[in-house]
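S.K.: So the sequence lines, in the order shown, correspond to chains A and B.
So the mapping is simple: our numbering equals the position in the first sequence, first residue as 1, plus 2.
So the mapping is simple: our numbering equals the position in the second sequence, first residue as 1, plus 2.
Check the hints yourself; a few may be wrong.
For chains that are exact copies, the list does not tell them apart, and a pair is met inside one copy or across any two.
List of simulated lysine-lysine pairs, PhoX-like, C-alpha gap at most 20 Å [what the hints assert, rightly or not]:
no.	residue 1	residue 2
1	Lys345	Lys296
2	Lys345	Lys35
3	Lys35	Lys321
4	Lys296	Lys355
5	Lys321	Lys345
6	Lys246	Lys257
7	Lys246	Lys129
8	Lys22	Lys355
9	Lys321	Lys337
10	Lys221	Lys246
11	Lys257	Lys337
Hints were generated in silico from the structure; no laboratory data involved.
Spelled out from the first residue to the last, the chains are:
Protein chains: 2
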Amino acid sequence: MYIVILAGGSGTRFWPLSRKSTPKQLMSVFGGKSMLQRTVERVLPLQPKRVMIVTNALQAAETRRQVAYIDDVPVDVIEEPVGRNTAPAIGLAASIIARFDADGVMVVLPADHYILDEERFRDTIVKGCEAAASGKLVTLGITPTRPETGYGYIEAEADGNGAPVAVRRFVEKPPLERAMEFLATGRFYWNSGMFVWGACAILDQIGAFMPELSAALAKLTFEQEVWELSDLRPQIAEVYAGIKGESIDFGVMEKAQDVQVIAASFGWSDVGSWSALPEVMMADEDGHVLIDAKGSVSIGSDGCLAYGGGKLVAFVGVKDLIVVDTPDALLVCDKSAAQDVKKVVEELERRGKFDYL
Amino acid sequence: MYIVILAGGSGTRFWPLSRKSTPKQLMSVFGGKSMLQRTVERVLPLQPKRVMIVTNALQAAETRRQVAYIDDVPVDVIEEPVGRNTAPAIGLAASIIARFDADGVMVVLPADHYILDEERFRDTIVKGCEAAASGKLVTLGITPTRPETGYGYIEAEADGNGAPVAVRRFVEKPPLERAMEFLATGRFYWNSGMFVWGACAILDQIGAFMPELSAALAKLTFEQEVWELSDLRPQIAEVYAGIKGESIDFGVMEKAQDVQVIAASFGWSDVGSWSALPEVMMADEDGHVLIDAKGSVSIGSDGCLAYGGGKLVAFVGVKDLIVVDTPDALLVCDKSAAQDVKKVVEELERRGKFDYL
């Protein structure tokens, strides 16, 4: 088993804590370890042969620094010259694995997801590996807990009762009414972006549905007999120069046969914006979630989230606010507008305020 | 003419920028000079004989430091051992002035008021001095611009057309309906806490209506023939040990005869809380008032006030908020709850968090 962690996200929605060089997955947002470090540690008990982290050049140094302490398992950091969505990153990792281990099964995990029950998460991965060993493309479908309109859904042919079951179709983000219908059927799952499959199996499917990417990946040559990726950079640059960005969902999963879904109910959040943190962190007695704060005082306030920059935080007459205090920038945001934090980043880019990006 | 500046206020409503040792009047809230420094500079063109600043022991050092650069006029800093409201502070200053200059007229000014048109302010003071020279107690009544329920009012016998006119009565903070009636008559003014009177005249009235304070003040003795206040501290401590706190309004003004009011319309704010700052500072094009900030980004937001601690401030989906970022404490407050900031200070006192006070 090989773990492939997709870690190149820009995480603009966690600005100002997240910046281009330290996006969400590299942030220590819960205090302590970063989400990337947690993602790596979470899979170590599975004893994978290698952990491969695909990221971009800007984040590579910090990524290497953060995983340097891992010595149970070899960890590779693969640099993409430019982000091209998930299909090229997965294809690249699959090509490398397949070169050295034609029977290798790869587990694809985003670096920036929160998982509550890690034991159950690993059990689900093991089940996925079993199905992948028989040639299936397995996707982890999160059992929905609310009619969320912000995620894509996967419809299963039947309720698998925890076992892998055939996928009927992938569905784009639905309007609320449809999301409620989905929830009622018991056969719809959130598309988590976590996958398990054979390296050769996914390369076959890329060959079938993404011939351009497949041809570019086929040019990769490996001179050494040993697993050593540092010399691959010029070749990767060449591969990426000729391909366009595409997600593995759109490029392969929505078209492929033999796709299965395993219902996953280990407590999951993609922590897509500041407003998602209260889902995965305990609120204090006043109903506020505080990170990196020296306590709080709350007068007629509740439901706020503060990243306090080590300060005492006082709330007076406010509800459902997000406040993030960093050394050079201060964000004040209504929880319902948390998705718009990325607009701040866009505006700063437009103004050329690169120091804040 | 002597200027007496009352500067001992605690200013808890400007927490966390204001602290016990640097209350509102000593803060550089508008950038640049403090409100105390502005208050002193504002009167210098009047060429007063002396400026006397009454403050407390905790703030005396910073007060002296802030006025050290004034060399046009002698400036005295008088330390009260403990705050006892305005009557004792005024009585103390009047006793000192009367000792050296029996005909001295004193202008009493709070240290923490904002005044827009300084030329017109000085014209009003000069008119007040003329009335005071004939023995009147003159109070500056601010021509109201809205039916404010947070101030006390002064009812004049008639519209003085800018000249001093007899006061009919002082009125406590009214409910909205009454405040609207007051506004309609054209004879009601906001009680600003600014007064002009002869030092002996106010001491006479204190003698008539506040015999206890009068008796305590009578014990003050002045050994030197020169104006030198540094040796007065033990005597002041003795005076203050035996008196109770009282405002000059309640203690004298509401009872005295020969009280006059001058309509003042020079643009005034007592800047009583963070929410008053937008009245006296320009908002930017997004409708936010920014102090000590490196610019802002506003997404779907308006009407906020931020003291930015030198940072970039981003507003997303928020309205009418006050955000104050200091090195050790961060305040987030709805404008409508700005009066409750003092409750934060009370709570911090209750918890013994003296570092934040």
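S.K.: Against this structure, judge whether each hint is valid.
M.R.: Results for each hint:
no., hint, result
1, Lys345 <-> Lys296, "between (30 Å within a copy, 18 Å between copies)"
2, Lys345 <-> Lys35, "neither (28 Å within a copy, 36 Å between copies)"
3, Lys35 <-> Lys321, "neither (29 Å within a copy, 35 Å between copies)"
4, Lys296 <-> Lys355, "between (30 Å within a copy, 11 Å between copies)"
5, Lys321 <-> Lys345, "between (22 Å within a copy, 17 Å between copies)"
6, Lys246 <-> Lys257, "within (18 Å within a copy, 86 Å between copies)"
7, Lys246 <-> Lys129, "neither (33 Å within a copy, 80 Å between copies)"
8, Lys22 <-> Lys355, "within (13 Å within a copy, 38 Å between copies)"
9, Lys321 <-> Lys337, "both (9 Å within a copy, 13 Å between copies)"
10, Lys221 <-> Lys246, "within (16 Å within a copy, 92 Å between copies)"
11, Lys257 <-> Lys337, "neither (37 Å within a copy, 54 Å between copies)"
The structure fails hints 2, 3, 7 and 11 (numbered hints given earlier, in ascending order).
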